[in-house]
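Undergrad: Spelled out from the first residue to the last, the chains are:
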Amino acid sequence: GAGVSQSPRYKVAKRGQDVALRCDPISGHVSLFWYQQALGQGPEFLTYFQNEAQLDKSGLPSDRFFAERPEGSVSTLKIQRTQQEDSAVYLCASSPYSNTGELFFGEGSRLTVL
Amino acid sequence: QKEVEQNSGPLSVPEGAIASLNCTYSDRVSQSFFWYRQYSGKSPELIMSIYSNGDKEDGRFTAQLNKASQYVSLLIRDSQPSDSATYLCAAPDSSYKLIFGSGTRLLVRP
Chain U
768 GAGVSQSPRY
778 KVAKRGQDVA
788 LRCDPISGHV
798 SLFWYQQALG
808 QGPEFLTYFQ
818 NEAQLDKSGL
828 PSDRFFAERP
838 EGSVSTLKIQ
848 RTQQEDSAVY
858 LCASSPYSNT
868 GELFFGEGSR
878 LTVL
Chain E
135 QKEVEQNSGP
145 LSVPEGAIAS
155 LNCTYSDRVS
165 QSFFWYRQYS
175 GKSPELIMSI
185 YSNGDKEDGR
195 FTAQLNKASQ
205 YVSLLIRDSQ
215 PSDSATYLCA
225 APDSSYKLIF
235 GSGTRLLVRP
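Chains as they are written, first to last, in our numbering: chain U, 768 to 881; chain E, 135 to 244.
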């Protein structure tokens with residue numbers, strides 16, 4: 768596809784369930800970011816990949832959050848034992864470059880934890 | 135002080151007016167800045183970047199950077215109702231992590 772693709776677009780989970788959010792970046796893009804956006808707030812950094820290497824995971828809120836990009840393309844953000852405070856939009860962004868602020872965002876995955 | 139700060143708004147301007155959106159930043163971010171537009175329910179979209187002091191113009195948009203005062207602005211000339219959105223100011227930290235402000239909501243009244 769032409770842009771960054773995320774799935775599912777909407778996910779409702781019961782508290783305690785595990786969820787997996789997928790990001791398919793633009794082909795050839797080296798950098799891949801995950802952000803979390805709460806209502807009325809700006810995106811908050813979660814983690815960063817350069818190709819398959821996870822260079823920074825300092826923004827992951829707890830050890831329940833895990834991200835991977837095993838082949839340097841598709842990435843998955845996994846949240847274990849979801850809590851209500853995990854409810855947010857999870858945005859994936861990619862870039863053909865490293866060390867850049869010019870990101871291409873996907874449409875996001877809206878997670879609601881009941 | 136947060137790394138990147140914005141007034142949440144809403145900023146309301148009449149159609150055809152100039153909308154001025156402001157952002158201040160701390161010493162903890164690098165000296166390059168990005169303006170993203172986010173329509174309600176949509177993802178952020180890059181509209182302007184600025185790397186050096188002064189003005190940068192692109193169509194109806196002008197970005198202004200003042201490093202001495204640590205602020206960056208986005209001016210939208212001849213504002214249209216379709217410009218109504220949230221505008222996010224962003225800057226990288228010491229390397230690649232893009233730090234976003236909380237965004238300013240702009241409302242252009244027909």
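In case anyone wonders, no lab produced these hints; they're calculated from the structure. There could be a bad hint or two in this list.
[Stated by the list, open to error] Distance ranges between label pairs, derived from CB positions:
1. E:154 <-> U:819: 39 to 45 Å
2. E:244 <-> U:806: 25 to 31 Å
3. E:205 <-> U:808: 16 to 22 Å
4. E:174 <-> U:770: 48 to 54 Å
5. E:136 <-> U:881: 40 to 46 Å
6. E:214 <-> U:831: 41 to 47 Å
7. U:779 <-> E:202: 46 to 52 Å
8. E:214 <-> U:806: 33 to 39 Å
9. E:205 <-> U:867: 20 to 26 Å
10. U:775 <-> E:205: 20 to 26 Å
11. E:146 <-> U:831: 25 to 31 Å
Predicted model, so just to flag it, every value in this text is computed and none were measured. For every residue, glycine included, the Cβ atom is placed at its ideal position computed from N, Cα and C.
Undergrad: Any hints this thing doesn't respect? Which numbers, in order?
TA: 4, 5, 8, 10, 11
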